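Protein sequence lines correspond, in order, to chains B and X. Residue numbering for the first sequence is 0 to 622, as defined by numbering that gives the first Met the number 0. Residue numbering for the second sequence is 0 to 486, as defined by numbering that gives the first Met the number 0.
Keep in mind that a hint or two might mislead.
Cut-off 30 Å, straight-line C-alpha distance, at most; resulting in silico cross-link-like pairs (DSSO-like, lysine-lysine) [unchecked claim]:
id, chain 1, residue 1, chain 2, residue 2
1, X, K428, B, K156
2, B, K156, X, K349
3, B, K101, X, K349
4, B, K195, B, K274
5, X, K349, X, K428
6, B, K101, B, K156
7, B, K101, X, K428
8, B, K156, X, K191
9, B, K369, B, K101
10, X, K420, X, K349
11, B, K156, B, K369
12, B, K369, X, K428
Quick list of simulated restraints, FRET-style, between CB atoms [to be verified]:
id, chain 1, residue 1, chain 2, residue 2, range
13, X, V449, B, P564, 56 to 64 Å
14, B, E100, X, F148, 55 to 63 Å
15, X, P259, B, R575, 48 to 56 Å
16, B, D590, X, P259, 32 to 40 Å
If you are wondering where the hints come from, they were derived from the structure by calculation, not from laboratory data. Fair warning: this is a prediction, and the values are worked out from it, not measured in the lab. The C-beta atom is built at its ideal place from N, Cα and C for all residues, glycine as well.
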Amino acid sequence: MTALDNLLLISAVTLVIAVLAGNSRVGGWLVTIMYALQGAALMMMSGLGYSTLTMVQSSFSIEVLSQQLLWRFDALSWFFALITIGAGLFCSWFASGEWGEKYRDNGGSLRLFHGALALNVFSMLVLLASGDLLTLFIGWELVSWASFLIMALAGGKAFGYAMRYISYAFAGAMALLGGLLLIYAEVGSFDFQSLKEAVPTMSSATLWLLVVLLTAGFGVKMAILPFHLWQAKAYAETPGPGAAFLGAISSRMGLFAFIVVIVQLIGISRLVEMKIPFTFLDAQDLLAWIAVFTIIIPTYIALRQHDARRLLAWHGVGQTGYMLLGIVIANDLGSAGGLMHVFNYATYQAMLFMVVIAVIHRTGTSNLNKLGGLFTRMPLSYLAMLVGIIGLAGLPPMNGFVSKWLIYRSLIVDGSPLLFLGAVIGTLGTILSVYKLIHNIFLGQLRVEHVAVREAPLSMVIPMMLLAAVVFVTGYFPGLVLDWTSAVQASIGIPVLAHHLGGIDMKGGLDMIWIVSVLLVGFGFGTLVFFLGGRSKRVHQLDNYAGGHFLTAETRYHYSDNFYPGLMHLIGPWYRNSFEWLERGLISAVDTLSTAMQGLYRNAHPSYLLLAVVVFALSWVIV
Amino acid sequence: MNLLVLMIALPLLAAFLLSIIDRASSFAARVIGPLVLLATAAIGLSVWSQLGDAPQAVQWGGFQAPLGITLYADQFGLLFALAMTIGTLLLWPRSTGNQLRSSSLALLLAGTGSGLALSGDLFNIYVFYELMTVVSYGLIASRGTSGSFASTLRYLVISGFGAALALAGIALVYQATGTLNLAQLAQVAPEKLNNLQGFAAFVLMLVGFGVKAELFPVNMWVPEVYATASSRVSALLAGVVSKLALLIIMRLLILVFHQPEALTVLLVLGILGVATGELAAWRARDLNRMLAFSSIGQLGVMFIALSIPGNAGIFAALAVAVHHLFLKPAMFLLAARWGGSIRRLCGAAKTSPVAAGLFVLLSLSLIGVPPLPGFWAKLLVIMPLLTLDQPLYYFAVFIILAAASLEANYLFRVVMKLYDKQPTAVPHKAHATADLATAVFLGGGLIAAVFMLVPLADRLDSIAAQATDVSTYIQTVAPQSLEGDVQ
Chain B
0 MTALDNLLLI SAVTLVIAVL AGNSRVGGWL VTIMYALQGA ALMMMSGLGY STLTMVQSSF
60 SIEVLSQQLL WRFDALSWFF ALITIGAGLF CSWFASGEWG EKYRDNGGSL RLFHGALALN
120 VFSMLVLLAS GDLLTLFIGW ELVSWASFLI MALAGGKAFG YAMRYISYAF AGAMALLGGL
180 LLIYAEVGSF DFQSLKEAVP TMSSATLWLL VVLLTAGFGV KMAILPFHLW QAKAYAETPG
240 PGAAFLGAIS SRMGLFAFIV VIVQLIGISR LVEMKIPFTF LDAQDLLAWI AVFTIIIPTY
300 IALRQHDARR LLAWHGVGQT GYMLLGIVIA NDLGSAGGLM HVFNYATYQA MLFMVVIAVI
360 HRTGTSNLNK LGGLFTRMPL SYLAMLVGII GLAGLPPMNG FVSKWLIYRS LIVDGSPLLF
420 LGAVIGTLGT ILSVYKLIHN IFLGQLRVEH VAVREAPLSM VIPMMLLAAV VFVTGYFPGL
480 VLDWTSAVQA SIGIPVLAHH LGGIDMKGGL DMIWIVSVLL VGFGFGTLVF FLGGRSKRVH
540 QLDNYAGGHF LTAETRYHYS DNFYPGLMHL IGPWYRNSFE WLERGLISAV DTLSTAMQGL
600 YRNAHPSYLL LAVVVFALSW VIV
Chain X
0 MNLLVLMIAL PLLAAFLLSI IDRASSFAAR VIGPLVLLAT AAIGLSVWSQ LGDAPQAVQW
60 GGFQAPLGIT LYADQFGLLF ALAMTIGTLL LWPRSTGNQL RSSSLALLLA GTGSGLALSG
120 DLFNIYVFYE LMTVVSYGLI ASRGTSGSFA STLRYLVISG FGAALALAGI ALVYQATGTL
180 NLAQLAQVAP EKLNNLQGFA AFVLMLVGFG VKAELFPVNM WVPEVYATAS SRVSALLAGV
240 VSKLALLIIM RLLILVFHQP EALTVLLVLG ILGVATGELA AWRARDLNRM LAFSSIGQLG
300 VMFIALSIPG NAGIFAALAV AVHHLFLKPA MFLLAARWGG SIRRLCGAAK TSPVAAGLFV
360 LLSLSLIGVP PLPGFWAKLL VIMPLLTLDQ PLYYFAVFII LAAASLEANY LFRVVMKLYD
420 KQPTAVPHKA HATADLATAV FLGGGLIAAV FMLVPLADRL DSIAAQATDV STYIQTVAPQ
480 SLEGDVQ
């Protein structure tokens with residue numbers, strides 16, 4: 000039994016416990032403890048995260064169709080597994096308390112929920128452990144169908160979104176399968192090493208086909224453009240903490256596979272050699288631009304959402320663009336930024352979803368036009384959301400700042416001002432929409448129906464607070480995460496970023512300990528002035544005015560609808576739903592073809608005609 | 000080896016005696032059919048266990064080949080003969096009307112099917128094929144609804160046409176070689192049939208036998224028949240009988256026709272079958288029709304697999320065929336109570352959770368989700384296709400993969416309906432126990448296959464290797480007439 004065997008076994012046991020006991024209160028906590036145990040098992044392999052260990056094999060291996068199927072962990076797998084198990088742990092914790100009881104009382108099957116969550120974690124670990132291209136595909140499909148299961152749990156509208164997801168995901172999987180089998184045809188093996196050795200001798204045409212197929216396959220899961228339509232709605236409709244889990248890590252699996260196959264095995268340097276004819280671009284630029292548009296378009300779609308979960312989920316799509324961008328740039332800064340962003344994003348996205356779900360738990364809605372002023376009722380949730388949106392917007396002192404800074408910096412070092420501009424436009428949109436999020440939920444005047452609302456229960460608040468602490472601490476000491484990303488960089492063969500606990504040593508480097516300390520001192524000073532100055536007056540939440548008019552407690556007012564009218568006046572005409580239109584066009588095309596085929600089969604005449612033609616043709620041949 | 004003869008003769012005899020037995024005791028008549036099939040299956044299994052690596056040939060009627068009737072049993076043929084027998088046993092028709100007639104027809108089907116699988120010359124193959132066709136008319140029409148009569152008529156016309164073509168093909172072969180014995184044909188084919196006439200004969204026979212194998216232009220009967228026949232009969236036709244027609248085509252390809260053009264024809268028709276079938280299924284509004292169209296698509300994949308030269312093609316086609324053999328009958332059995340518009344299926348999972356769960360499993364395997372057997376079968380088809388490195392083969396891969404995406408879409412639309420939380424006003428009927436039990440048994444077979452993947456693949460590979468071993472075929476059937484004069 001190797002450490003990896005232990006981990007997979009514990010994960011499988013978690014699944015069994017979740018299915019057997021998930022319905023009871025104790026069962027939920029038991030499952031949560033099992034995730035902690037998985038984390039402990041992962042820590043037994045922590046050498047992977049600090050470059051003291053290179054690989055942990057699983058002793059389980061089978062040979063099918065003369066292909067050896069292998070499972071193993073390296074630094075990359077370890078890093079992603081850490082996030083996966085962490086997300087599983089916190090989401091399961093969140094689900095085990097009051098949320099679970101309410102879910103069950105509303106007719107949901109908690110057993111199915113915990114089972115689906117555990118299945119997701121298990122299948123992701125299997126994918127992360129894949130040691131060759133065939134096991135990669137097997138893990139890939141397991142993950143796809145596991146997410147489908149958790150997305151479809153809610154029924155009703157969620158069915159439609161889950162269906163859309165699986166249509167995309169399965170088409171993507173087929174593209175991936177085509178790519179992998181093309182590799183097999185070229186290389187004669189599904190082995191990672193053989194592919195790596197064969198890449199230099201592959202023809203450019205084959206490589207292009209491969210890159211297109213594989214990127215399409217992985218891209219569907221990451222929801223990069225133009226495959227971004229499915230994700231936000233599907234994630235948003237997933238029940239409660241399931242949405243937090245999917246948002247935090249699920250679509251990262253696409254990035255993981257992308258890193259393994261495209262970055263590690265094919266190599267970014269090979270992509271640079273693949274020029275696009277009649278342009279000055281190459282395959283790397285193409286991917287980088289796809290990443291930038293994946294940042295911009297979904298982020299601005301998020302700006303227009305009226306549902307908090309949709310808004311967050313659309314940001315999830317946009318943030319994927321940053322990760323992909325950093326990794327495609329593939330210098331020491333960019334790849335470290337991209338990888339770190341995976342971790343950072345998971346922490347605050349999970350937390351933000353948890354806050355929104357806590358708000359739904361207390362108020363029954365996530366509609367941004369029906370909330371407001373909850374700051375006085377749910378202060379801890381407010382704090383969590385504040386930390387989360389600072390992270391999501393990429394501002395200091397939270398961890399999101401560090402990863403985004405690394406990515407920006409890499410773009411500048413790489414000499415790509417236009418990409419940089421695109422990334423900054425994306426960040427602008429993020430800041431605007433996260434302000435809308437916190438403003439519409441927590442700021443302004445409290446609505447009458449929410450006067451009796453209380454703070455979320457401890458089972459929800461504790462995971463949020465812990466995650467907030469992680470977001471802050473890894474922002475203060477980014478070296479904690481950079482240790483892991485460096486191990487990953489070393490293991491996938493890209494330049495390792497020199498770093499220390501506080502940031503990076505270089506000209507114009509970054510020291511977060513210094514920055515955050517200065518910020519804290521500043522805040523401390525401000526607080527001191529505030530309390531010692533004595534010239535402040537406490538005002539009631541409803542004692543307020545807007546547009547020169549006093550607002551009374553009788554006519555409460557919270558400005559939420561048609562947010563940013565000036566901006567929308569400027570950019571509104573750009574929203575054209577072109578991709579929705581494309582999708583509908585594709586469906587109509589298939590529909591038309593399908594109708595034609597049904598017509599073909601409805602009439603028997605074609606059969607007779609074809610038969611007659613065969614007879615005549617052959618008699619002509621013979622005579 | 001009289002046992003082999005019994006496999007064919009026993010069901011046929013029982014079929015003819017059934018109405019006489021019925022006079023004496025209707026109970027005996029009801030039990031005797033399944034019992035005979037059970038005995039036949041036992042015989043088949045005992046032959047299988049003796050067979051090993053050496054195929055066996057039987058000369059019937061006291062003459063040596065090419066004059067006598069040759070039966071040839073290798074694991075390949077025997078596998079399909081057994082599938083026919085056991086399949087008929089599992090899918091024993093439970094007619095609401097004349098049970099006696101259905102029973103005799105089913106016995107006839109089993110007997111002629113085994114005969115088809117084991118025959119060693121073209122003439123017998125033709126005779127058994129025709130018998131089987133006539134029997135299936137009866138089975139389809141036995142439901143007695145006007146729809147089933149209409150579809151039977153359509154099937155009859157196309158089948159008749161096909162049979163005439165197949166006969167013409169056989170005539171061409173005979174004209175060129177002077178023999179219909181497959182072993183002898185295998186000997187002379189390289190010199191006498193490797194020409195335009197041989198190719199013409201192949202196309203005629205392909206189209207002729209292709210009617211039952213749901214080959215593209217001659218499969219227009221499929222959706223109507225499967226939608227109107229009783230689901231057990233549909234299961235038999237789609238699951239088992241179509242595979243027997245495929246077996247003939249495989250035998251012909253291995254032994255007689257080696258033209259590269261033949262492979263191209265198979266490839267093109269296969270691609271067209273997959274494309275038209277899966278596309279048509281996408282819009283199908285009732286489950287039976289959807290399954291019928293998807294079955295056309297699956298058979299198309301088998302034809303594409305057959306177009307791969309050499310052992311790999313036969314292996315791949317065999318794997319897909321065996322997978323489909325388990326899967327399609329189970330799906331048709333589930334569709335028995337889920338007929339009519341798919342919209343009416345809302346919430347059916349509440350009434351029959353086992354059936355719904357099984358449907359999900361079958362769908363997953365059908366679209367090829369690892370680690371279910373459907374995935375490995377698909378892998379076996381695509382892997383060699385890509386190594387062939389020709390544009391048309393690449394296109395075939397594209398079609399197979401695109402078809403799988405369509406399949407995932409339309410099958411899971413049904414699954415979504417099944418699990419819909421708002422049930423329809425009309426209460427759903429639970430499945431008949433026998434139907435459900437059979438479907439669960441077949442589905443269990445698929446799951447068992449996941450755990451026995453390695454030995455199973457080895458076994459199928461060895462079956463395919465044995466089937467493609469032409470010299471063994473020749474030597475087994477006619478050890479002394481290797482130099483025998485023909486014409």
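Against the structure, the hints:
no.	hint	verdict
1	K428(X) <-> K156(B)	holds, 26 Å
2	K156(B) <-> K349(X)	holds, 19 Å
3	K101(B) <-> K349(X)	holds, 23 Å
4	K195(B) <-> K274(B)	holds, 20 Å
5	K349(X) <-> K428(X)	holds, 11 Å
6	K101(B) <-> K156(B)	holds, 20 Å
7	K101(B) <-> K428(X)	violated, 33 Å
8	K156(B) <-> K191(X)	violated, 65 Å
9	K369(B) <-> K101(B)	holds, 21 Å
10	K420(X) <-> K349(X)	holds, 9 Å
11	K156(B) <-> K369(B)	holds, 21 Å
12	K369(B) <-> K428(X)	violated, 44 Å
13	V449(X) <-> P564(B): 56 to 64 Å	holds, 58 Å
14	E100(B) <-> F148(X): 55 to 63 Å	holds, 59 Å
15	P259(X) <-> R575(B): 48 to 56 Å	holds, 51 Å
16	D590(B) <-> P259(X): 32 to 40 Å	holds, 38 Å
The structure fails to meet hints 7, 8, 12 from the earlier list, while all remaining hints are met.
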